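Read off the chains here:
There are 6 protein chains.
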Amino acid sequence: MRADDTLLARARERLFTAVLSDTLDGMGHRDQAFRPGIRPLDEDLVLFGRARTGLYAEVYSVEPGENPYALEIALIDDLAPGEVPVLACQGSPRIAPWGELLTTASVARGGAGCVTDGLVRDIRQIRAMKFPVFHGGIGPLDSKGRGKVIAIDVPVLCGGVHVRSGDLVFGDGDGIVVVPVEIERRCLELALEKVEGEDRTREELQAGHKLADVFARHGIL
Amino acid sequence: MRADDTLLARARERLFTAVLSDTLDGMGHRDQAFRPGIRPLDEDLVLFGRARTGLYAEVYSVEPGENPYALEIALIDDLAPGEVPVLACQGSPRIAPWGELLTTASVARGGAGCVTDGLVRDIRQIRAMKFPVFHGGIGPLDSKGRGKVIAIDVPVLCGGVHVRSGDLVFGDGDGIVVVPVEIERRCLELALEKVEGEDRTREELQAGHKLADVFARHGIL
Amino acid sequence: MRADDTLLARARERLFTAVLSDTLDGMGHRDQAFRPGIRPLDEDLVLFGRARTGLYAEVYSVEPGENPYALEIALIDDLAPGEVPVLACQGSPRIAPWGELLTTASVARGGAGCVTDGLVRDIRQIRAMKFPVFHGGIGPLDSKGRGKVIAIDVPVLCGGVHVRSGDLVFGDGDGIVVVPVEIERRCLELALEKVEGEDRTREELQAGHKLADVFARHGIL
Amino acid sequence: MRADDTLLARARERLFTAVLSDTLDGMGHRDQAFRPGIRPLDEDLVLFGRARTGLYAEVYSVEPGENPYALEIALIDDLAPGEVPVLACQGSPRIAPWGELLTTASVARGGAGCVTDGLVRDIRQIRAMKFPVFHGGIGPLDSKGRGKVIAIDVPVLCGGVHVRSGDLVFGDGDGIVVVPVEIERRCLELALEKVEGEDRTREELQAGHKLADVFARHGIL
Amino acid sequence: MRADDTLLARARERLFTAVLSDTLDGMGHRDQAFRPGIRPLDEDLVLFGRARTGLYAEVYSVEPGENPYALEIALIDDLAPGEVPVLACQGSPRIAPWGELLTTASVARGGAGCVTDGLVRDIRQIRAMKFPVFHGGIGPLDSKGRGKVIAIDVPVLCGGVHVRSGDLVFGDGDGIVVVPVEIERRCLELALEKVEGEDRTREELQAGHKLADVFARHGIL
Amino acid sequence: MRADDTLLARARERLFTAVLSDTLDGMGHRDQAFRPGIRPLDEDLVLFGRARTGLYAEVYSVEPGENPYALEIALIDDLAPGEVPVLACQGSPRIAPWGELLTTASVARGGAGCVTDGLVRDIRQIRAMKFPVFHGGIGPLDSKGRGKVIAIDVPVLCGGVHVRSGDLVFGDGDGIVVVPVEIERRCLELALEKVEGEDRTREELQAGHKLADVFARHGIL
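Residue numbers (my numbering), protein chains in the order written: chain A, 1016 to 1236; chain B, 1016 to 1236; chain C, 1016 to 1236; chain D, 1016 to 1236; chain E, 1016 to 1236; chain F, 1016 to 1236.
It cannot be assumed that every hint is accurate.
[Stated by the list, open to error] Looking from chain E toward chain A, a few residues come up when the C-beta cut is under 7 angstroms (computed):
| no. | residue |
| --- | --- |
| 1 | His1044 |
| 2 | Ala1072 |
| 3 | Glu1073 |
| 4 | Tyr1075 |
| 5 | Val1171 |
[What the hints assert, rightly or not] For lysine to aspartate or glutamate, the following EDC-like pairs were computed, each having C-alpha atoms within a straight-line distance of at most 20 angstroms:
| no. | chain 1 | residue 1 | chain 2 | residue 2 |
| --- | --- | --- | --- | --- |
| 6 | B | Lys1159 | B | Asp1092 |
| 7 | C | Lys1145 | A | Glu1218 |
| 8 | C | Lys1159 | A | Glu1213 |
| 9 | B | Lys1225 | A | Asp1092 |
| 10 | A | Lys1145 | A | Asp1046 |
| 11 | D | Lys1159 | F | Glu1213 |
| 12 | D | Lys1209 | D | Glu1028 |
| 13 | C | Lys1159 | A | Asp1046 |
| 14 | D | Lys1159 | F | Asp1228 |
| 15 | E | Lys1225 | F | Glu1213 |
By construction, these hints were calculated from the structure, which means they are not laboratory data.
Remember, it's a predicted structure, so these values are computed and weren't measured experimentally.
The beta carbon of each residue, even a glycine, is placed where N, CA and C say it ideally should be.
Full structure from sequences and hints, please.
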């Protein structure tokens, strides 16, 4: 069940990927964190938004009369504020689906960031725009003739996680976690509770208490 | 055909790897960008120079009386201003062909940077010298008894790209692109033209135009 | 043979991983540098301490009544000042054995840092504490139900290097080098001598001498 | 729900991994086939039995007084007729948990075969015994001091599939499929039905009918 | 230029992949041999035919009303005698595009074999039909919901080689070589000449001549 | 210390790689077995001989006037009866250093087999000659312009094992084990003793004794 705006606002302010990942683990959803090779361009930015998926395929040519960017353009032009393109490239090291111009277009539509297991380029300009991008590598290659979007808003596997349009995507310096929309409200509520327990644990450890004792009291590590 | 000094100077000032990569794609040279695992030590430095290739082999011993650095020393001592050693190590994770002392010697000769798919060490000192190094990883291992240069100024494959001494090497935060010397002038001219088209595209996107419309007008993404 | 405190203090002040790696090479210990994929969270921090090993195994469940953190907690609670947990995870991309709370507990015990070929999380908080952590990747996943310590103070292979509790661990921006305790004193003495030779080499190269001449004089590259 | 003996006997006689895999796909269980790197020692033998899991960890020493084979021996000595040790080694290329002597002991207990993502050795002798072994590679290394069983009858991931003791394991030249015990009866019944549809499809294709027509009639490919 | 039927018949009878690969090397086409991971199901069968390409993309769902096999069926139903489906799956370990039913349909159309860098299943039945299949692995997984053909008769990269419909595909126990149709006649003629030189070389080596002498005479190794 | 001819003859007749690997483990030499990816062309042939090492480097051109096979030819022409070329290619998937003609030349010199972590070609002809070849893959590519021998009779790493000319190489269906020449006699004697213990263990297991009891009596698994 979707969270309401108040809960989303508190989640955005107080949560982070580690506590979300622990909470999802506790709810039995143990495959929601992207693999560690997917990194933020800027480790200080937080990504928080709803996924819009794009599925890439590797190609080796552009056919006559074809616009190889057609579906990618359609996805970006259709972005609503707070949405996040999740571009699944099967971890290809030769497709760079994201760059400065798509960032510029997304900012204009209120897009909340971008996630891809492919490459990103124009990193200096994107960083200057403070737009959160999580990527599988950095490289100057355009996708034209190398890859193209074959479907949008379909289920994808990206960075090892199944993502559907509408799922909540949360990213920070520790990585990316996807919260399935069906369990979103419960997950955010539980995570907010866990944050408080961690605060107490931290204080006791700082005071020099043994880990064994603190863990026995709070069950948090 | 080689570019003249004026064109080279404008290229150095205005170009970047992404636009060069797109231009080379358009000219049918689609394998000119290094694989994404080759990264700059300092993402803010630009590398621009002519390749001088060195081909490394893995070895497991130093034979009696052998100077294992002989050819590497010869290459560095022979550097002309603006040249860039391109040291191909087949992506070995156990050869660090580059470090502070070679950087110091190269700076003294006017070398423009270094590219290797092997490792680099002494990263703090190299960064302090503002010498652009692109590498396949960071590690403290000396190459002695692990790898040695077996030929210089021969064709090599480095980071997935075929490079010959004399080719133009361009590197920035997005990676490395190699411009074959035969098509250098035409490539730089076309890339400079493309930069202007991108400026117009960016402005229209910032003004909120739809990607589909902007792409239809300028054909640039 | 262990170094005395004076020698350790000089080593800590003057040495760095590259010169230690070269010295170990010269003593016939050629497999003492971690593979390049193990990186520091903060490239400016130096790690210097004695290893305390923890061996992780991948698991897929928590058995009823089991405390999956039991041995990890025991290791941290037993840390003496200057010790460094070395947590061997076989390079697993799904175990994050280190995070903010263990850092906090280690700081309270005088721990000198942490080394793991697994993942680390809570990177912002750990960086703020200036605690040196070397890791095999960054990710938000807790180890619970994914991995657990099955033995402490046993020989491990971590980042490609055999490490035993008591070995000296040295890390900086160039990576990690392990000095076996049996040869520690001799190694540190030789490395300190080598540092001086490198200083002379650097000065002559800065003065523009040819590498071939400088190498002929000092035998250092 | 478990199948009864009659259904198991028919399944053993008529089914094969491809039809089981398709059936499991249709039931929404899409991760039940081992990855292709796990191969049979003898492609003509069929493996059919119930899993008994053993979880291996990599180790680098044998501690004083330790019997490193203790749990592995316990698992084999406890085998009931028709059971199949499933030994999860995390795909390690240095652990060979299976060989001639364990095969001999398993045959004596009525074991139905062995599955491991680690290595197997003594392949000539095992083939001569016609005992079905599926493995992740072939090598002469004993597991002693390299790996040991840390738990038996716990959930494991082996060859990319989650396996629990009691699950049905089916292997042939095409690979291995695991049928979770909860859906076993329904799965076997559906697979037996599908076999008949495939027979009709094959006959029509042999008669030269177009694939498009045959697929339109039977929906099987 | 295409070879005529007489030349094709002689090529089929006398040539093998190694001599074709050497000949293509000599003509400057050095990337025409499939990577070694692509193996024949039956090492004794020879594959000789013209490529018909199919490009697969990984997918994670079947959309409502979609026939995921549509283009694959179209390709097979359109096969002319002597043609060889070349199914490029980007080396995916989860797509098995080939199996018994497609083999049966291809045999009925006179297809000459199949090449894929994906998986094959039903290996016992295919071997019994003596139909040459070269594959990237063996596994029981159906492609439905995992991968689908997104284009046929487009350029593909398969097993590391660029292949276009119409290119000549030659496979045997040593692997697969692709002869671009533009240079086909010249390549086959040169290869047939080289076969004779190899025969003389072999005879002299069998007679005990030194390799150095034989190579000096014939230039063949 | 080298074994005498009588001991070598008994070793050849009675030993196999698994018992040699166990014996070397017991002597503290735990890195003597090739990695599992190196396989025999013919699993029924035994390889037994003394290593002659050749170190390959990857190259990307043949320089004018160069004979790229010079050192490889020298190695083969210098083979004494019972010797085994061990050709270290750093696991390259693009160098095939071995084929029919080198096999023919080696047979003429009494060579005992070949080991390489590169590729082999002409597999049908080599199998027909019953010459034992262990390889890292099968492919038709000639080494010319791809790799060349840069040194012979130097220490190499091949298949993960350090090998020197003169070391004893033993291969069978389970893989390859290298016995360093310094410990050869002791190793073979111990291995022959162990074979007898295994015979008793096997008999008791065949008689249905529990593994735990048999292992307690003989300490062999």
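Going through the hints against the structure:
no., hint, in the structure
1, His1044, "17 angstroms, violated"
2, Ala1072, "3 angstroms, holds"
3, Glu1073, "5 angstroms, holds"
4, Tyr1075, "5 angstroms, holds"
5, Val1171, "6 angstroms, holds"
6, B:Lys1159 x B:Asp1092, "19 angstroms, holds"
7, C:Lys1145 x A:Glu1218, "18 angstroms, holds"
8, C:Lys1159 x A:Glu1213, "16 angstroms, holds"
9, B:Lys1225 x A:Asp1092, "6 angstroms, holds"
10, A:Lys1145 x A:Asp1046, "29 angstroms, violated"
11, D:Lys1159 x F:Glu1213, "16 angstroms, holds"
12, D:Lys1209 x D:Glu1028, "14 angstroms, holds"
13, C:Lys1159 x A:Asp1046, "13 angstroms, holds"
14, D:Lys1159 x F:Asp1228, "18 angstroms, holds"
15, E:Lys1225 x F:Glu1213, "45 angstroms, violated"
Hints 1, 10 and 15 from the list above are not met by this structure, while the remaining hints are.
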